[in-house]
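*Asks:* Sequence:
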Amino acid sequence: FMTSNEPVEIIKALLDQENEKDPNIRISYTIHDSVEFLDVLLENLQGQLKTSVFRNPAVEPYILPYTSDHSRHIHSNTTHTALLLDVRLCSHVETFDQERLNIEIALLLNGYPPKFITHHFKKF
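Every position in the sequence shown, counted from 1, becomes a number in this note's numbering once 470 is added.
One thing to keep in mind: the hints can contain errors.
What the hints assert, rightly or not - Computed spacing ranges between beta-carbons, pair by pair:
1) K592 x R558: 45 to 55 Å
2) N475 x E564: 38 to 48 Å
3) K585 x M472: 13 to 23 Å
4) P477 x H550: 22 to 32 Å
5) V557 x V478: 52 to 62 Å
6) E513 x F594: 48 to 58 Å
7) I501 x G581: 36 to 46 Å
8) E479 x S546: 47 to 57 Å
Note that these hints are calculated values from the structure, not bench results.
Yeah, the Cβ is synthetic: ideal placement off N, Cα and C, and Gly gets one too.
Work out the full structure, taking the sequences as your base and the hints as a guide.
*Replies:* So, in structure tokens, the structure goes:
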């Protein structure tokens, strides 16, 4: 995928020009205001690029990627890693705050004690 501030007509002309260079290589394109790529949702909101965490609708929203019988202190990196991912992916503070709430709900629903969650959120 690619992002650009150029008008759609210029982008299409550029891609069409590239398609003519080699008959064995074809570039197909679709132009939208948003794209999901891996875990990121990129959106063009009135000329401003907004990034946030992409949640696949086919996946249960509050299931953690793994479960184990390790003690809670082993799981402290779960909270840190999730928050770090959100900081890197969210371009707006409001979006990060919503993702932080999603992490908190997921941890609570997966049996993490509120005190544990609060401690690690403050530590972050």
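*Asks:* If a hint holds in the structure, say so; if it does not, say that too.
*Replies:* Status of each hint after checking the structure:
1. Taken as a hint, the range 45 to 55 Å is violated for the pair K592 and R558, whose Cβ atoms sit roughly 20 Å apart.
2. Remark: the range hint 38 to 48 Å for N475 to E564 is contradicted by a beta-carbon distance near 23 Å.
3. A C-beta distance of roughly 46 Å is found between K585 and M472, which places it outside the suggested range of 13 to 23 Å.
4. Distance hint check for P477 and H550: the Cβ-Cβ separation is about 42 Å, which falls outside the suggested range of 22 to 32 Å.
5. About 32 Å separates the C-beta atoms of V557 and V478, a value inconsistent with the hinted range of 52 to 62 Å.
6. Taking 48 to 58 Å as the suggested C-beta distance range, the pair E513 and F594 does not conform, at roughly 26 Å.
7. Checked against the given bound of 36 to 46 Å, the beta carbons of I501 and G581, roughly 44 Å apart, stay inside it.
8. For the pair E479 and S546, the supplied restraint of 47 to 57 Å holds, since their beta-carbon distance comes to about 52 Å.
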